[in-house]
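Model the full structure from these sequences, guided by the hints.
2 protein chains.
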Amino acid sequence: MRKEKIPAATIIRLSVYQRYLKRLLAKGVKVVSSSELAYEANVNPAQLRKDLSYFGRFGVRGVGYDVASLLNTISGILGLLDEWRVVLVGAGPIGQALLRHPQFSRQGYVFEAVFDFDPTHIGRELEGGLVVQDLRNLPRVIQEKDIQLAVLAVPSEKAQEIADLLVDCGIKGILNFCTTRIRVPRGVSVQYVDFTILLDTLTYKISQSNTEGMDEHVKAGKPKWAREHSWPVVQSNVQKQGVTLTS
Amino acid sequence: MRKEKIPAATIIRLSVYQRYLKRLLAKGVKVVSSSELAYEANVNPAQLRKDLSYFGRFGVRGVGYDVASLLNTISGILGLLDEWRVVLVGAGPIGQALLRHPQFSRQGYVFEAVFDFDPTHIGRELEGGLVVQDLRNLPRVIQEKDIQLAVLAVPSEKAQEIADLLVDCGIKGILNFCTTRIRVPRGVSVQYVDFTILLDTLTYKISQSNTEGMDEHVKAGKPKWAREHSWPVVQSNVQKQGVTLTS
DNA sequence: AAAATAATGTTAAAGTGAGTGAAAAATGTA
DNA sequence: TACATTTTTCACTCACTTTAACATTATTTT
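Quick note, the sequences are listed as chains A and B, same order. In short: position in the first sequence from 1, add 18, done, that's this note's numbering. In short: position in the second sequence from 1, add 18, done, that's this note's numbering.
Treat the hints as calculated values from the structure; they're not laboratory data. The beta carbon of each residue, even a glycine, is placed where N, CA and C say it ideally should be. All clues given are correct.
Estimated spans, in silico, between C-beta atoms of each pair:
(1) B:Arg-79 to A:Asp-100: 53 to 63 Å
(2) B:Ala-86 to A:Asp-186: 37 to 47 Å
(3) B:Asp-152 to A:Lys-40: 30 to 40 Å
(4) A:Val-78 to B:Phe-76: 54 to 64 Å
(5) B:Leu-99 to A:Ala-64: 38 to 48 Å
Here's a subset of chain A near chain B, in silico, CB distances under 7 Å, partners left out:
(6) Trp-102
(7) Ile-112
(8) Leu-193
(9) Arg-199
(10) Thr-214
Keeping only pairs whose Cα atoms sit at most 20 Å apart, straight-line, the calculated DMTMM-like set for lysine to aspartate or glutamate is:
(11) A:Lys-68 to A:Glu-54
(12) B:Lys-176 to B:Asp-136
(13) B:Lys-176 to A:Glu-58
(14) A:Lys-45 to B:Glu-175
(15) B:Lys-40 to A:Glu-175
(16) A:Lys-40 to B:Glu-175
Structural data, given as structure tokens:
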């Protein structure tokens, strides 16, 4: 049992590898090399081998990896061999769209219940058969159905309040679609899904490449802050991997 | 004009600062210190100042930052002083939910058109007044309305094909909700929104902390891969910032 | 059977970037 | 003028990422 630290980026890549392995398995491919899989996942082959080496030896030298076996191994590492039960809090457009997203159930995530605080939503049956419940039921349902994860898709103002409630109920992982940072105690993990931040990084990059070849004449038409100096684009190495705030 | 490299994480944090500055402005707050703003954004005050220092000097020593002025500065850096015109490709549940998402228009992103390849969708009027169009119109609309960004929310199999089309039409930034990596030429940026990868990292962390205090008796009930050795949790320093694949 | 080929596992090394702390500078106030 | 506050800036440390190179093992070919 080694006590080596595992980079966060490795875990994310494992998830990507897992997805492509599933597709290979579906296509009937039996064996895959690190080069082939790495090409699909858009990473360096050495990187893939190193990622796997944190956890053990799963390949056969001179041959490659058994697709089914490696898929099973990675799924196990990520904890995906079991089913994960999820509650959704917030039955707005985003929340409802997530319920219908096929990728979730494909990965073993099962929505067990939906909650909202808006009285006009409560009692309505959504596609998929779940009925929107009052938040008061949350603690009981989480315990009875042994829920482990929560998806938070409520207005920003309510985010912290409901996060606190979820933590009190014993939830250990929150996927947060709200545009506010939430504070949770140690031992609880949060992942943020924040569309506008991602769009903002796109506009930054595009703005940069636009002003890059711009001559002084054009620059003068830009607002004051832009006239001072032009900023370098984020270096291209980093384009492969951006960073996102999580917790 | 310095040629310093700007970390991708800095750009993301700028976006977060910008969001909180907006809220402060709305509350009528005139001046804010790096400590206050950093607390809101959940980062170190020194980090915030360092982030800003890449671009210039915007504060007043002994005082802090003028909220309105700093907001304007950061918006400028991110390229958000202008309006950004966006097309949506894929009128499924996710796509429709995004159209109704208030955060987009609040940031200056305007959906100008919606496209789909499913004939049963085409011609339908969605909430907000946009009518789903045939993909054949894409090139013309992008040129006529001078579209700069695209949101891609189609089934994975179509992702690359449509990305190619968008690139041909001159789109420079793509927000991709598909679960496939897409390949684009240099100069085009892609940001991925991938719920299941984020959920997978949550399940990894939770699985780890579960097996952590587990004795051998319990371990024996686990699948084979888990019995070999127990893996260390991703170190807690990194919990603040996860990494996500972008391009 | 030996050699050539192919592919993994592992180590090392270089580079990058993030976070932190403290001194210096500037501002406002008593 | 002296003092408190806060930004600015610099320097340092530490961790992570990536890549390359090489030893090792399996398969195929001659």
